[in-house]
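Visitor: The lines below spell out each chain.
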Amino acid sequence: MVAAFIFMISSNCNERKMAGSAIRLTRAFLPLLLLALTSCSSSETAEQQIKLASSTAQAAVMVTDAWLSGAAPPRYASSALQSFTETLADAGRQVQLASPSDPARREAVSTALGRLSSAAKRAQTAVDAEQHAQAGQAQRELRAAQSDLATAYRQYFSPDR
Amino acid sequence: MQLLRDILDKQVVDREQVKIGKVDGLVAELRQAKPPRVIAVELGSIALGRRLGAVPGRWAARLVARLSGKRQTRPHRIAWNKVRDIGVDIEFDIDVRQTKIFAWQDWLREHVIGRIPGA
Amino acid sequence: MKKLLEISLGVVTSVGGFLEVGSIATAAQAGALFGFQLVWAVVLGTICIIFLVEMAGRFAAVSHHTIADGIRERFGFNAFIWPLLAALFVNFLVLSAEIGGVAIAAELATGVGFQWCALPVAFFVWLLLWKGTFGLIEKGMSMLGLVTLCFVAAAVMLHPDWKEVATGAVPNLPQHDTAKYWFMAVSILGASISPYLFMFYSSGGIEDQWDKTYIGANRAIAGLGMSFGGGISVGVLIVAALVLGAHGVTQVDDYNQLPLMLIPIFGFWGFVLFVVSLAIACFGAALEVALQQAYLVAQGFGWTWGEDLKPRDDPGFSLVYTLSVFLAAVPIALGLDPLKLTIFSMALTAASLPLTVVPFLFLLNDDHYVGEHCNGVISNAAVIFIIALGFVLALVTIPLQIFGGT
Amino acid sequence: MATVNLDHLAGRRLLSERDRSIGYIEEIIAEWDGEDLVVTEFHVGIFAAFERLSASTIGTALLDFFGLRRREGLYRIPWDKIDISDPARPRLLCSDQELSGFKAGSQRRKTSR
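Protein chains in written order, with this note's numbering: chain W, 328 to 488; chain X, 532 to 650; chain F, 1412 to 1817; chain E, 74 to 186.
By construction, these hints were calculated from the structure, which means they are not laboratory data. One thing to keep in mind: the hints can contain errors.
Away from chain X, derived, C-beta distances all over 12 Å, residues of chain F [what the hints assert, rightly or not]: (1) 1523; (2) 1572; (3) 1588.
Here are the in silico distance ranges between beta carbons for each label pair [unchecked claim]: (4) W/455 to X/590: 56 to 62 Å; (5) E/158 to F/1792: 24 to 30 Å; (6) F/1581 to W/482: 50 to 56 Å; (7) X/597 to F/1534: 29 to 35 Å.
Cβ coordinates follow ideal geometry from the N, Cα and C atoms, glycine included.
The task is simple: from the sequences and hints, build the whole structure.
Guide: As structure tokens, this is what we get:
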């Protein structure tokens, strides 16, 4: 973009040369752009996945809360919880794929993530079935698994051992 | 008058102030032992294509020929002696409806836009 | 009295034009992850857009030409083609994002997946452009857009620590997630300083038949309107910080998280308000961006244009917005995540700024066009600053996209 | 009748008789001769686009700022000293010696409008 602008100012000088450089420019930028687009999903580290999962779990708690108090329409709550379940499950898979420096620690994290994901799933089922008690239980489960995750996270990144 | 600065690329309007296009090209006549004389302005995609270079110019001409169904096409020209006012816009003493400049817009109106309800 | 009415109407209009999916999404993400730390980006972006909008309006009022006209006529076709292509591409992404925003609102309201809503949304946008007048689109939609003030109300009701908000208004360095911080700052700036906004504004000046008597009104509208718009963005940011961030929802990567901003404050009505705000803000912006695509092409090539004309009287113009709207709906209909697209397109908008802002420096000092109403020292300094900012943003966007992108 | 597109001359490199590059065509000056608008001279220099932009005060201010206005090598060449029959390859029709007589002084701005 910048280079294109420089062309603009030095402009009219040689139009065909300009067009040629522009093509070269695009050729240079296209891979970068593609890289930028694709890197969004692939370059996430375990740490980012855990942060994302923790945030998503909190959102699941909030949605369940909102549904329990009648503030969120069931359709929205259900599809939001479904989406959060998928995000959590996906985070679990990503952590599994992360560098296996210490399998025990990684296992703790991915267990916590699995627990979160299934709790979110249960919350969604409860919302679909309009069972408030179950939803409340799923919410407590989410909170518990959340603190598991926090512990596992601290161990995962602790410097000792 | 500075032709590139004050004429080229300026808005062209007809005598009814209808916006016709921009001055996409400027044609001069070469004369024996006399300075070149500006004889017309050119408008349209062919003139624009040519400004980007010979190759885009040929593409534009081929595309226009294909779309209009004619074998060969040239840029639209308005004779310079019709010029009436040169300001921020350049006004020509013509009526755009009597030229072929808006032929494609007319075609579009008749075949596409006009067929959609509510146009 | 009539002028006062004009001004207030204009202010309402620009408030409506300011807030769209980009400003909502970027402010929500920034607030959730960084609290009030990025308020400065909204403030800076708002100040920049005030200057640009004021200049675009003044240029239109004095010269009866739009900024796009001016770029083509002054710089020539061979130079114009670059900002033209850049703006068409960026606007395409933004339009797509706006259609996606309305589609998300529709999904939240009805439960029908957003990709199924994209084409119907595009159809409604097109229908309003096809049948509506400029006044209807500009004033009608923006009046409805005032519903977004609910974010400001929510922010006030949360009793934020205003001193902390004010501290955030001063640029500061991040304590964590450095790449993400700067990426968000770039996205917020891109969402605030949108080329479509000031280019559309100058076309609007022509559509509303402004002349030199509007210079004062224009100044007031630009200043007040954009400040109010920026105020609403800050409102979104505060709400996101105090609701989402405070509950530990720091990564707003899923549009399902967005309604949670207002639910804890207004209950069920919070959900409704959010959906309505999102739908209206994005719908209005979609109308404006689609029109801007048509303005850009028609003005660049000198065709007859005007939203008040019947489509059969400016077929070329009508064709451009028709194609723009439906093409932009395609990525959403194919299931591209609207939130991701929004953030990406806002960063790209920021990167495209130099191409569209540099011409201001020349056009607003050209006595051929603006005569005695050319830029003063302050305005010129502002443009030069924005250009410099634009260059920095253009240089950092791609690396940040890779390292800090969502 | 031989015609030529003046717009194609914009920004073209001008070569001398001995294929030396003189500069780029920055501007074409025309004057009214009765009913006719005739080309009188060409401005040839090292910057192609700036001539157009110089219509704006900031344009000239920028040029001054970067010290580009008192550049060497801006020529104002009369119409009959350049062969423009092929606008993609304009050619100078006079000797280098004659050319140096066309070098513009600092008062060159006066031609505008």
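Visitor: So, for every hint listed, does it hold in this structure?
Guide: Do the hints match the structure? See the list:
no.	hint	in the structure
1	1523	holds, 26 Å
2	1572	holds, 53 Å
3	1588	holds, 45 Å
4	W/455 to X/590: 56 to 62 Å	holds, 58 Å
5	E/158 to F/1792: 24 to 30 Å	violated, 48 Å
6	F/1581 to W/482: 50 to 56 Å	violated, 38 Å
7	X/597 to F/1534: 29 to 35 Å	holds, 31 Å
Comparing the model with each numbered hint stated earlier shows that hints 5 and 6 do not hold.
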